[in-house]
Amino acid sequence: MNTRAIVTIYRMEMARFFRTLTQSFVSPVLSTSLYFVVFGAAIGSKIQEVDGVEYGAFIVPGLMMLTIMTQATSNASFGIYFPKFIGTIYEILSAPVSFLDVTIGYVGAAATKSLFIGTVILVTARMFVDFSIQNPFAMLAFLILTCLCFSLLGFIIGIWASNFEQLQLIPLLVITPLVFLGGTFYSISMLPPLWQSITLFNPVLYLISGFRWSFYGHADVPVSISLLAISVFTLVCMLVIRWIFKTGWRIRS
Amino acid sequence: MSILEARDLTKIYSTGFTALNSVNLEIREGEVMALLGPNGAGKTTLISIICGITEATAGTVLVGGHDNVTSAMQARQLIGLVPQEITLEPFEKVIDTMRFSRGLFGMRSNDAHLDRLLDKLSLTDKRESRVHTLSGGMRRRVLIAKALSHEPRILFLDEPTAGVDVELRNAMWQTVSELKDDGVTIILTTHYIVEAEAIADRVAIINKGEIRIVEDKQELMARMGEKQITIELADAISMIPDVLAEYNLELSSCGRELDYRYDARASRTGITTLLNGLREAGLQMTDIQTRQSTLEEIFVKLMQDDQ
Ligand SMILES: Nc1ncnc2c1ncn2[C@@H]1O[C@H](COP(=O)(O)OP(=O)(O)OP(=O)(O)O)[C@@H](O)[C@H]1O
Ligand SMILES: [Mg+2]
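Those protein sequences? They're chains A and B, same order as listed. So the first sequence is numbered by the working numbering: it starts at 1 and just counts up by one. So the second sequence is numbered by the working numbering: it starts at 1 and just counts up by one.
Only chain A is shown next, with the shape it has when bound in the complex (with noise of 0.2 Å):
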C-alpha cells in the first residue's frame, strides 16, 4: 500500500473542497433551513408530535440522512470522474497505486466532507428546534457508516459514469426518491398498512429510523436491523469495488 499516495490523493481532495467552502456549506445549510421552514414551520402546526417527539425535532435525524447521503453520493462521484473528464487521471493510472489507494483517498475524503456537512446541519438545525441525542456513539457510528456507504457508492457511479448525465442520473433517480419516501418526514406508522408493508423495501428507511433512534429512542424498524442494512450496503459497494478493480472495467482503455 502507498501510504504517501493515499494521504496525497486525500489532501488534494479536502484542499479542493476547502477551496469551495461556502459553496460547499452555504447549499446544504440553506435548503435545511428552507425545509426546517416549510416542513417544520408550515406542517409542524398541523401536526404536534410523531411518537412523542415534536414534528420540528422528528424530522432532524432524516434531513440530516437527506443531505449526507446526497452529498457524500455527489462529492465522490464527481471527485473520480474530474480527473476521467479533463483528463488528468492519466496520472493516477500511471502512478504506482493501486485501486485500493485511490479508493480510500477518494473515498475517505468524500466521507469527510459529508461529515463536515452533516455537522453543520446538525448546527443549523439546533438554532431552529431543541432536541437532544440519547445514544451520542450510536448516532455517531451511524453516522460515519452512512458517510462511508453512500461515498462508496458515489466513487462506484464516477467510475461508471462517462457523462455528467449519467453523473447526476442515479443519485436524482434513485436516492433522492427513495430517501424522501423512506421515512425522512414521517414516521412509517403514520401510513396506511399497505405502503407500510412496500417502504419496508426501501433500504434508505431503514438508515432513517436507526439513526432517528440514536436521537429519540424510537424505531420504525428494530435497530439491529437497521445497522445490519448499512453494514450490508457498505459490503456490498466494497465488493462492487473490488470487482471493478479486478476487472479494470472502465478505468483503463
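In short, the hints are calculated from the structure, not lab data. Since we're looking at a predicted model, the values are computed, not measured. Even for Gly, the Cβ is constructed at its ideal location relative to N, Cα and C. Be careful, since some hints might not be right.
Said to hold, decoys possible - Distance ranges between label pairs, derived from CB positions:
no., chain 1, residue 1, chain 2, residue 2, range
1, A, Thr119, B, Ser2, 23 to 31 Å
2, A, Ser27, B, Arg108, 56 to 64 Å
3, A, Phe25, B, Arg130, 18 to 26 Å
4, B, Asn170, A, Arg11, 30 to 38 Å
5, B, Gly136, A, Leu30, 36 to 44 Å
Said to hold, decoys possible - If you want the footprint, here are the derived chain B segments under chain A, 3+ residues with CB under 8 Å:
no., segment
6, 78-90
7, 104-116
8, 231-244
9, 291-297
Claimed, not checked - Take a look, some chain B residues computed to stay more than 12 Å from chain A by CB distance:
no., residue
10, Asn39
11, Leu274
12, Asp287
Using the hints provided, position chain B with the ligands relative to the given structure of chain A.
Frame of chain A, contents of chain B with the ligands only:
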C-alpha cells in the same frame, strides 16, 4: 543493458482498429531515444501501454526488469510521463500540482527539489499561480515539472516542445541533456525532426503501428543519407559536357551550379576524377560546397517509400 523492453506489443482498440502490430523495442539505460512517426503512427499508444494507461491486447513490457502488469508498482515507480495532451487541474497552484505528483509516487516531500525544477523550466515566478492563468507553453512546462518531480529513471516526453517558443525549446533540450548526464533514460517523440537529430542517440521510426527502423542515429544517417557536392561555375553553361555524363550531374541556378550526389561510405566517391573531368571540359570553378542529408530528409524519404 536494456532498461525497457517491449515484446510483441499489439493493441487493437475497441473500435477494432489495430494501432500497434507486434512491436518490439528495446531501450538502453541512459540513452535518448527519439520515437518518430507521422500522425496516427501509434507513438502515443505505445507510450500509454508502457506507462500503464492503456492495456495491451497482447505482448509484454519490462521496465527495469519488472513486468508492467504483474509487477506494475515497481515498473511504474521508475517512469515519468509528459503526456501529449495538456491535462492539468485548472484551479490548482503550480507548486501544489507538483507536490501532488511527488506524493502520488510515494516520495517524501522535497520542496527544494521542486524549486530547482521550477527554476530549470523558467517557472519560478509562476510557483504560486493557478494553472488556468498560465499560457499553453507554460502549462506544458508544468507537465514536465510534474513528471520530473518524482525523480524518474525513465522519462517519456510525448511532444514536449509543441507550442513552446524557440528560446524555451532550446532551454528544454538543455534540460534534457542535463537529465541524460544524470543518467536518466529519455524517450521522446517530436515532429521537429531537427531537434531529434540534435539530441537523440538512437532513432526508432514507427509507421502504421509497426516499427520500421531502430538504429543508432549516426549509423542511420550515414547509411541512408546522401552527400552532395555543389560546384559553382564561373560562367553559366547550358548543358553538361559529355565527358561528365557518367556522374549524373544536375545543373541548377540557371546553369551556374553543378550538383553531384555520392555515397559517402563507398570506397571511391568519384570526387577526384570528377574534378579532373571538370578541368578537361574547360570549366572554371569559383566555389565548392558539400552537404549531407538531414534526418528529416531521411525520414520523409522513408515515409514516402512506405506508402
Ligand atoms: N481510444 C482510441 N480508440 C480508437 N482508436 C484510437 C484510440 N486512440 C488512438 N486510436 C487510433 O490509434 C492510432 C494511433 O494513435 P496514436 O495516438 O498512438 O498516434 P500518434 O503516433 O501518437 O500520433 P500523433 O503524432 O498524431 O500524436 C490512430 O489511428 C488513432 O486514431
Ligand atoms: Mg501522439
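Against the structure, the hints:
Here the CB-CB span from A:Thr119 to B:Ser2 is close to 56 Å, at odds with the stated 23 to 31 Å. Distance hint check: the CB atoms of A:Ser27 and B:Arg108 are about 38 Å apart, inconsistent with the given range 56 to 64 Å. A C-beta distance of roughly 22 Å is found between A:Phe25 and B:Arg130, which places it inside the suggested range of 18 to 26 Å. Separation of B:Asn170 from A:Arg11 is about 37 Å and conforms to the stated range, judged on CB atoms against 30 to 38 Å.
Separated by about 39 Å at the C-beta atoms, B:Gly136 and A:Leu30 satisfy the suggested range of 36 to 44 Å. Three residues within the 8 Å Cβ limit are the bar, and the segment 78-90 of chain B against chain A gives 8, so the coverage statement holds. Coverage of the segment 104-116 of chain B by chain A holds in this model, with 5 residues showing a Cβ closer than 8 Å to a Cβ of that chain against a need of three. Under a criterion of three residues with beta carbons nearer than 8 Å to beta carbons of chain A, the stated coverage of the segment 231-244 of chain B fails, only 0 such residues being counted.
With 0 residues having a beta carbon nearer than 8 Å to a beta carbon of chain A, the segment 291-297 of chain B misses the requirement of three or more and the stated coverage is violated. The Cβ of B:Asn39 lies farther than 12 Å from every Cβ of chain A, with a closest approach of about 19 Å, so its non-interface assignment holds. With a cut of 12 Å on Cβ distances, B:Leu274 stays outside the contact zone with chain A, its closest approach being about 56 Å. For B:Asp287, the non-interface assignment is confirmed: its Cβ lies about 54 Å from the closest Cβ of chain A, beyond the 12 Å cut-off.
Violated hints, in rising order: 1, 2, 8, 9; the structure is consistent with all others.
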